[in-house]
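Q: Sequences listed follow chains A and B, in order. For the first sequence, the residue numbers in full-length UniProt numbering are 1 to 134. For the second sequence, the residue numbers in full-length UniProt numbering are 1 to 154.
In short, the hints are calculated from the structure, not lab data. Careful, some of the hints might be misleading.
[Stated by the list, open to error] Here are some chain B residues the structure puts well away from chain A; computed CB gaps all over 12 angstroms:
1) A27
2) E40
3) A56
4) G100
5) A128
6) T131
7) S149
[Stated by the list, open to error] If we take Cβ atoms under 7 angstroms as the criterion, some of the chain A residues that face chain B in the derived model are:
8) V3
9) L46
10) S79
11) T83
12) A86
13) Q89
14) T115
15) L121
16) L123
Yeah, the Cβ is synthetic: ideal placement off N, Cα and C, and Gly gets one too.
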Amino acid sequence: MQVRRTSGTAEINSLLRAGPDDEALTVHIEHLGRTTVVAIAGEIDLVTAAGLDETLQAELEVRPAVLVLDLTGVDFFTSVGLTAVALAQRGAEERGVALRVVADSRRVLRPLQITGMDRTLALYPSRAAALGDA
Amino acid sequence: MVTVPVRPDPHPVGDPPDAQAWGREPAADGPLLEHRFPGEAARLAAARRELGAWAAATGLDEETVEDLLLASYEAMVNAAEHAYTDGERPVDLSAVCTAGGCVLVTVRDEGRWRPIPADPGHRGRGLAMITNLGDHAEIERGPGGTTVSLWWRR
């Protein structure tokens with residue numbers, strides 16, 4: 001897993017490319033005032049997800065008002081990824097952080113629907129929609 | 001050995017008849033995949049890519065291939081992550097086009113399932129993907145190991 005961090009309104013999309021197989025997951029973290037955007041791209045599987053939970057919990061620990069979890073770049077979303085989202089949801093509730101999840105593809109939405117997680121998550125079709133609601 | 005039908009058939013009975021649809025008899029033609037690998041996490045991505053190449057050759061539509069790869073991956077995760085109490089044992093992945101007009105993926109391990117982990121939701125979510133992404137799923141647990149069988153209509 002690769003983690004990149006920026007502050008302010010830096011261009012993010014150019015960073016959201018999956019690398020070669022051994023680092024097929026990219027996490028980009030951006031701090032916009034009291035909102036944190038965590039954008040995940042690539043394949044979230046048993047190997048690539050190592051460290052993802054800790055990264056998300058560390059961002060929650062800062063207690064932003066809103067944490068936007070952007071999954072639009074994810075193209076393989078396994079139960080490991082679902083568990084990371086579920087733990088982030090729990091951590092956000094405990095800390096009073098509003099967690100907003102951005103998903104626009106069948107590949108991400110179908111696992112969320114099958115496990116019923118779509119019913120309890122604040123889901124947004126785009127990052128702009130999630131930020132506009134901030 | 002106990003066979004547990006884990007999901008009601010979403011299709012009308014007789015379209016085609018279930019007994020025929022959920023059979024294991026291979027079709028006369030169509031690609032066959034048989035892949036044995038050590039039950040460790042690092043091997044799963046390669047097995048998944050091999051299955052993806054196989055699935056593309058069957059002519060399944062893109063969304064069905066997505067579902068097949070995800071459900072099969074979860075079955076392999078169970079086999080590799082949960083199945084073994086000591087050391088690595090092989091996981092057998094096979095995929096075949098059946099005479100009943102389906103593709104059938106089986107994931108077999110020879111180990112015992114571990115107790116429920118600290119976050120029971122994790123296994124529950126994996127199991128939900130295994131049992132709900134396919135047209136039909138069966139899980140056989142026995143003293144010799146566990147076999148997950150997943151069917152999709154072509």
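Q: Against this structure, judge whether each hint is valid.
A: Hint check:
Non-interface call for A27/B relative to chain A: holds, since the shortest CB-CB distance, roughly 28 angstroms, exceeds 12 angstroms. Residue placement check: E40/B does not keep its beta carbon more than 12 angstroms from all beta carbons of chain A (closest about 10 angstroms). In this structure A56/B is separated from chain A by more than 12 angstroms, as the shortest Cβ-Cβ distance comes to about 15 angstroms. Against the 12 angstroms criterion, G100/B stays outside the reach of chain A, whose nearest CB is about 25 angstroms from its own CB.
A Cβ of chain A approaches the Cβ of A128/B within 12 angstroms, the least distance being about 5 angstroms, so the stated non-interface status is violated. Annotated as non-interface, T131/B brings its C-beta within 12 angstroms of a C-beta of chain A; the closest such distance is 9 angstroms. No Cβ of chain A comes within 12 angstroms of the Cβ of S149/B; the nearest lies about 18 angstroms off, and the non-interface call holds. Of the supplied interface hints, the one on V3/A is violated, with its beta-carbon coming no nearer than about 20 angstroms to a beta-carbon of chain B, more than 7 angstroms.
A hinted interface residue such as L46/A counts as satisfied when its beta carbon comes closer than 7 angstroms to some beta carbon of chain B; here the least separation is about 5 angstroms, so the hint holds. Contact between S79/A and chain B, as hinted, is supported at the beta carbon level, the nearest pair being about 4 angstroms apart and thus within 7 angstroms. The interface hint given for T83/A holds, since its Cβ lies 5 angstroms from the closest Cβ of chain B, which is under the 7 angstroms cut-off. Restraint check, A86/A versus chain B: the minimum CB separation of about 6 angstroms is within 7 angstroms; hint holds.
Taking 7 angstroms as the C-beta contact cut-off toward chain B, the hint placing Q89/A at the interface is violated, the least distance being around 11 angstroms. With a least beta-carbon distance of about 5 angstroms to chain B, the hint placing T115/A at the interface is held under the 7 angstroms criterion. Below 7 angstroms, beta-carbon pairs count as interface contacts, and L121/A has none with chain B, the closest being about 13 angstroms; its hint is therefore violated. Interface hint at L123/A: violated, since its Cβ lies 17 angstroms from the closest Cβ of chain B, which is beyond the 7 angstroms cut-off.
Hint check: violations occur at hints 2, 5, 6, 8, 13, 15 and 16; the rest are consistent with the structure.
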